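**Q** Here is what each chain is made of, one letter per residue.
Protein chains: 2
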Amino acid sequence: MTYTAPTGEFTFILEHLVGLNRVTETERFADATPDMAAAILSEAGKMCEDKLAPLQRSGDLHPARLENGVVRTSPGFAEGYRAVAEGGWVGMAADPEYGGLGLPMALATGVNEMMASACLSLQLAPLMSQGQIEALEHHASDAIKSIYLPKLISGEWNGTMNLTEPQAGSDVGALRSRAEPVGDGTYKITGQKIYISWGDNDFTDNTCHLVLARLADGAPGTKGISLFLVPKYIPDAARNPGRANALRVISLEHKLGLHGSPTAVMEYDGAIGWLVGQEHGGMAAMFTMMNNARLGVGVQGIGVAEGAYQHALAYARDRVQGRNNEPGGSILGHPDVRRMLLEMKADIFAARSIALGCSVSADMASATGEQFWKDRAAFLTPIAKAFGTDVGISAAQTGIQVHGGMGVIEETGAAQFVRDGRVLAIYEGTNGIQAMDLVGRKLMDGGRTAGKILDDIETGAETARATNPRLAKRVWNAAETLRETTEWMVAQERMDDRFAGAVPYLRAFARVLGAHFHLRAATSAGPGPRTELARFYIRRMLPEYSWLLTQAREGAGGLYANRTEDL
Amino acid sequence: MTYTAPTGEFTFILEHLVGLNRVTETERFADATPDMAAAILSEAGKMCEDKLAPLQRSGDLHPARLENGVVRTSPGFAEGYRAVAEGGWVGMAADPEYGGLGLPMALATGVNEMMASACLSLQLAPLMSQGQIEALEHHASDAIKSIYLPKLISGEWNGTMNLTEPQAGSDVGALRSRAEPVGDGTYKITGQKIYISWGDNDFTDNTCHLVLARLADGAPGTKGISLFLVPKYIPDAARNPGRANALRVISLEHKLGLHGSPTAVMEYDGAIGWLVGQEHGGMAAMFTMMNNARLGVGVQGIGVAEGAYQHALAYARDRVQGRNNEPGGSILGHPDVRRMLLEMKADIFAARSIALGCSVSADMASATGEQFWKDRAAFLTPIAKAFGTDVGISAAQTGIQVHGGMGVIEETGAAQFVRDGRVLAIYEGTNGIQAMDLVGRKLMDGGRTAGKILDDIETGAETARATNPRLAKRVWNAAETLRETTEWMVAQERMDDRFAGAVPYLRAFARVLGAHFHLRAATSAGPGPRTELARFYIRRMLPEYSWLLTQAREGAGGLYANRTEDL
Numbered sequence: 001m002t003y004t005a006p007t008g009e010f011t012f013i014l015e016h017l018v019g020l021n022r023v024t025e026t027e028r029f030a031d032a033t034p035d036m037a038a039a040i041l042s043e044a045g046k047m048c049e050d051k052l053a054p055l056q057r058s059g060d061l062h063p064a065r066l067e068n069g070v071v072r073t074s075p076g077f078a079e080g081y082r083a084v085a086e087g088g089w090v091g092m093a094a095d096p097e098y099g100g101l102g103l104p105m106a107l108a109t110g111v112n113e114m115m116a117s118a119c120l121s122l123q124l125a126p127l128m129s130q131g132q133i134e135a136l137e138h139h140a141s142d143a144i145k146s147i148y149l150p151k152l153i154s155g156e157w158n159g160t161m162n163l164t165e166p167q168a169g170s171d172v173g174a175l176r177s178r179a180e181p182v183g184d185g186t187y188k189i190t191g192q193k194i195y196i197s198w199g200d201n202d203f204t205d206n207t208c209h210l211v212l213a214r215l216a217d218g219a220p221g222t223k224g225i226s227l228f229l230v231p232k233y234i235p236d237a238a239r240n241p242g243r244a245n246a247l248r249v250i251s252l253e254h255k256l257g258l259h260g261s262p263t264a265v266m267e268y269d270g271a272i273g274w275l276v277g278q279e280h281g282g283m284a285a286m287f288t289m290m291n292n293a294r295l296g297v298g299v300q301g302i303g304v305a306e307g308a309y310q311h312a313l314a315y316a317r318d319r320v321q322g323r324n325n326e327p328g329g330s331i332l333g334h335p336d337v338r339r340m341l342l343e344m345k346a347d348i349f350a351a352r353s354i355a356l357g358c359s360v361s362a363d364m365a366s367a368t369g370e371q372f373w374k375d376r377a378a379f380l381t382p383i384a385k386a387f388g389t390d391v392g393i394s395a396a397q398t399g400i401q402v403h404g405g406m407g408v409i410e411e412t413g414a415a416q417f418v419r420d421g422r423v424l425a426i427y428e429g430t431n432g433i434q435a436m437d438l439v440g441r442k443l444m445d446g447g448r449t450a451g452k453i454l455d456d457i458e459t460g461a462e463t464a465r466a467t468n469p470r471l472a473k474r475v476w477n478a479a480e481t482l483r484e485t486t487e488w489m490v491a492q493e494r495m496d497d498r499f500a501g502a503v504p505y506l507r508a509f510a511r512v513l514g515a516h517f518h519l520r521a522a523t524s525a526g527p528g529p530r531t532e533l534a535r536f537y538i539r540r541m542l543p544e545y546s547w548l549l550t551q552a553r554e555g556a557g558g559l560y561a562n563r564t565e566d567l
Numbered sequence: 001m002t003y004t005a006p007t008g009e010f011t012f013i014l015e016h017l018v019g020l021n022r023v024t025e026t027e028r029f030a031d032a033t034p035d036m037a038a039a040i041l042s043e044a045g046k047m048c049e050d051k052l053a054p055l056q057r058s059g060d061l062h063p064a065r066l067e068n069g070v071v072r073t074s075p076g077f078a079e080g081y082r083a084v085a086e087g088g089w090v091g092m093a094a095d096p097e098y099g100g101l102g103l104p105m106a107l108a109t110g111v112n113e114m115m116a117s118a119c120l121s122l123q124l125a126p127l128m129s130q131g132q133i134e135a136l137e138h139h140a141s142d143a144i145k146s147i148y149l150p151k152l153i154s155g156e157w158n159g160t161m162n163l164t165e166p167q168a169g170s171d172v173g174a175l176r177s178r179a180e181p182v183g184d185g186t187y188k189i190t191g192q193k194i195y196i197s198w199g200d201n202d203f204t205d206n207t208c209h210l211v212l213a214r215l216a217d218g219a220p221g222t223k224g225i226s227l228f229l230v231p232k233y234i235p236d237a238a239r240n241p242g243r244a245n246a247l248r249v250i251s252l253e254h255k256l257g258l259h260g261s262p263t264a265v266m267e268y269d270g271a272i273g274w275l276v277g278q279e280h281g282g283m284a285a286m287f288t289m290m291n292n293a294r295l296g297v298g299v300q301g302i303g304v305a306e307g308a309y310q311h312a313l314a315y316a317r318d319r320v321q322g323r324n325n326e327p328g329g330s331i332l333g334h335p336d337v338r339r340m341l342l343e344m345k346a347d348i349f350a351a352r353s354i355a356l357g358c359s360v361s362a363d364m365a366s367a368t369g370e371q372f373w374k375d376r377a378a379f380l381t382p383i384a385k386a387f388g389t390d391v392g393i394s395a396a397q398t399g400i401q402v403h404g405g406m407g408v409i410e411e412t413g414a415a416q417f418v419r420d421g422r423v424l425a426i427y428e429g430t431n432g433i434q435a436m437d438l439v440g441r442k443l444m445d446g447g448r449t450a451g452k453i454l455d456d457i458e459t460g461a462e463t464a465r466a467t468n469p470r471l472a473k474r475v476w477n478a479a480e481t482l483r484e485t486t487e488w489m490v491a492q493e494r495m496d497d498r499f500a501g502a503v504p505y506l507r508a509f510a511r512v513l514g515a516h517f518h519l520r521a522a523t524s525a526g527p528g529p530r531t532e533l534a535r536f537y538i539r540r541m542l543p544e545y546s547w548l549l550t551q552a553r554e555g556a557g558g559l560y561a562n563r564t565e566d567l
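Chains A and B, in that order, give the protein sequences. Position 103, counted from 1, in the first sequence is what UniProt numbering calls 103; the numbers after and before it change by one each time, with no gaps. Position 347, counted from 1, in the second sequence is what UniProt numbering calls 347; the numbers after and before it change by one each time, with no gaps.
For reference, chain A alone in the conformation it holds in the complex (with noise of 0.2 Å):
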């Protein structure tokens, strides 16, 4: 497994699409400058070529296993772990006052892709650290903050998030999972939570569980929910772990990927805990997680596609087969191969766009507080979730197609990503859920936020008429029927008529968005390869928004005028 980090596309996407610049002239990220960023990029695109890239198929072919109770992580992954830690890539985006690098989000995105392409399985422990570092930063006391962050941001301890039980899912209002308080300010935490990515492992001094529980006087559904620190081993006066809390490692997961990240049936059995943010304002700390967690997985899509696409691509050029105009008859020379590639690359550039353009409107809400990029990164965090994911899971499939037969030979490497990318869509909130939100929460502004960004496209759309009419038009009339269908959206009182066309209204979203970033890539780099990308894009891969429009405005009626006794 080979794999040669893209910096130069981030480079250039921070630069000229998205605006980093912005995020530089702010106090806080005025360090990012365009040096640095190349700096980091690089330095960080090393590390996953030489260390991480050669740990994605032994995670995959010697998987975390449990032990006598205890996780033992597949070979070479505590070195690999080492490497990211001691690089700084874990507390990257984290305040320096406890050790972190203060990092734009738009630059730990980019970390975080070359990451989730070298090793997906082994990429998930540092993300859901930073998503711990992140709830803790806002929501904990000082007293936490002062013990775990440092210990966090260094990598020495890891930490998790702990959702799920069996009848609690999507519906997290429906956890069991109990909290009582000891006396002395902390709580003891009683349940079983499934799905706990690296829950445990063999490589860091403790592991903190973020678990979700429900205090005797909460009310039902999300609304009487606490959020808990959780250690493995309970910190002693010096800060170190000390002894082992009541809460074990159930049993580990058999998946269809991911072998490589233990997924962790947890049970706490009155383990002591401490309470993060205010009791029964779980949900207000969780979501600060999972915000982070949800941009976090879209990347981890599209590190699957990248490392997807470069492996279809070195096989595409070594194969010959079949006559046809490449030099030395590669399959390249096959319109059908060079479709499916370019379709790769060209989802890779949206996608990624999408995903950079959300986090640097992260990145100004938190420098500048302003509404107007809180309610952006808001609106654009669901969308980078479920188009980063889809794009990673169709890219990983198209590149086992390019591969023909080999591609389903596991010795190849390409079935891994698809095996490895399925759960993306899943995990984090389903890509069902992020659509809802979508239409659901993220248009309760009427529809306000939404209308600024297609303004901004149409004004990109207006730009470039001088340069490519002909595309710029493509775009325009994209984003208006886009604008058109929002209009609907917000007009449906009644939400099940809405979320009938949820996914279809997300995925036109970022059709069209992609469309915006791939014009403006044409536009600013002039005549070359990313114009003839942006053509391809625009001209094959745009005009499925409006087919997916026509789904988005059909509504829920027809869907159960379909019976569930005829189902």
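One or more hints might be untrue.
[Said to hold, decoys possible] From the structure, some residues in chain B lie toward chain A, with a derived Cβ separation under 10 Å:
hint : residue
1    : ILE400
2    : ASP497
3    : LEU548
4    : ASP566
These aren't lab readings, by the way, just hints derived from the structure by calculation. Quantities reported herein were computed from a predicted structural model and do not represent experimental measurements. Backbone N, C-alpha and C fix where the C-beta goes; we use that ideal spot for every residue, glycine too.
Since the structure of chain A is provided, determine the placement of chain B on it from the hints.
**A** Okay, now just chain B, sitting in the frame of chain A:
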């Protein structure tokens, strides 16, 4: 793993949509009355439910393996295969003169689909034998037929196809295997073949390989290839397996799925073979086998989709999550879950109707010898193959998504459909090759055959106008746009311009054909479930055609404007 045979669906489609009655009216298939069809489907369905479905997980968990040169099959597969053979299902479409049931393909297709749903990896064994039987019926000498057909049809022996070599995949003509006349009418075959499904087993008495190889005087490319029958054991005078032939299994592949099906690398070291067809006429003989197999693989895809659908529906009915309108609160009450299941169901109906329509054309061709039916079967075969397998893959993916987190836990079984089904878009000619066949060879008549099918679709829409005017109009418009694109295709003299749009063109043709059958179902059944499903398909899924045809007409220019060095 449970499975319920959808026999009512087959009966409805055969009787009301694709005209089984026409087949029954021929002398050859006069026995295939509706009663007989129902009895056949019911008996085969019961066998699939009782004997094959329990093997699905077993094959996955306990892959076939090679032990000291001998293939050991998965637990229960020997008994499962015996049930198939004893039911007569291997040779169900074969000539009664040699012990076959002489059933029309239309019925065999239904039975094959059910076996594929129940246990895909086992079903691949009889499917391979069926292809060999058909090739021998058409191209072998009477002597060969009399020895081999009874054994293959009874299932005592099994058959394989040996086309691919490491350097000769889609480009069969690049093969290097050699054949040398011995002088006694036999040939010595030498070479290595890969991807040989069911290349060996431990439950049939003999395994018969159809092997493509080149005689010393064979021209380069496909024109110099001959086809040979090369048995594992050479039949003795009593037609029983005699001495071992000079061939062996070198290794079995470690695959993404289909673990129960041994995929062999075969070595022939001067193995004795018998010519099938003419010297240098191997491709013609192979195409007989492949045409049958291509339809059969498309049907495998539908089987995967049906299995995934039943699995996901059962999960959705049981899983309670979140507030919704469904009594009991199962996730079927969430619009997006319902959308996913309806997409699966509507796609399965479309793909199944196309495959059965193709089968009826094949039956009419073999019963009447009319060119009209030969052309129609030939035109529909690549569509049935590619669309059926694409539906298999997409339905399996959607099935995982319906399961949420449980979807990637292997014990659930949802992921196996994705793993098992993935190769279907690759073997028997990748779906890209199918599409090239459609826009190349199958439009060589200037679009006449396509035009006749489009005439039927438009006539159907005109008939439906009385009862379903709005749906009918949509179908008619789609057919007309497809006609225009077909004319555009025919007008392209540079084949690369056709090939650049081949995959979307094929899919658009399938979408429109699917709409035609849904509309006919609505018209035939009247208001109720079939009309509601048709409405869902025609309003939400059919509109994809417009996007697809936009791509189909783009030509190759844009693909090559993106230069190889810029990929």
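**Q** A separate judgement is required for each hint: does it hold in the structure or not?
**A** Consistency of the hints with the structure:
For the restraint placing ILE400(B) at the interface with chain A, the shortest Cβ-Cβ distance is roughly 6 Å, inside the 10 Å limit, so the hint holds. The criterion of a C-beta within 10 Å of any C-beta in chain A is met by ASP497(B), whose closest approach is roughly 8 Å, and the hint holds. Taken as an interface hint, LEU548(B) checks out: its beta carbon lies about 9 Å from the nearest beta carbon of chain A, inside 10 Å. Residue-level restraint check for ASP566(B) holds (minimum Cβ-Cβ distance to chain A is 4 Å; threshold 10 Å).
Checked against the numbered hints above, the structure breaks none of them.
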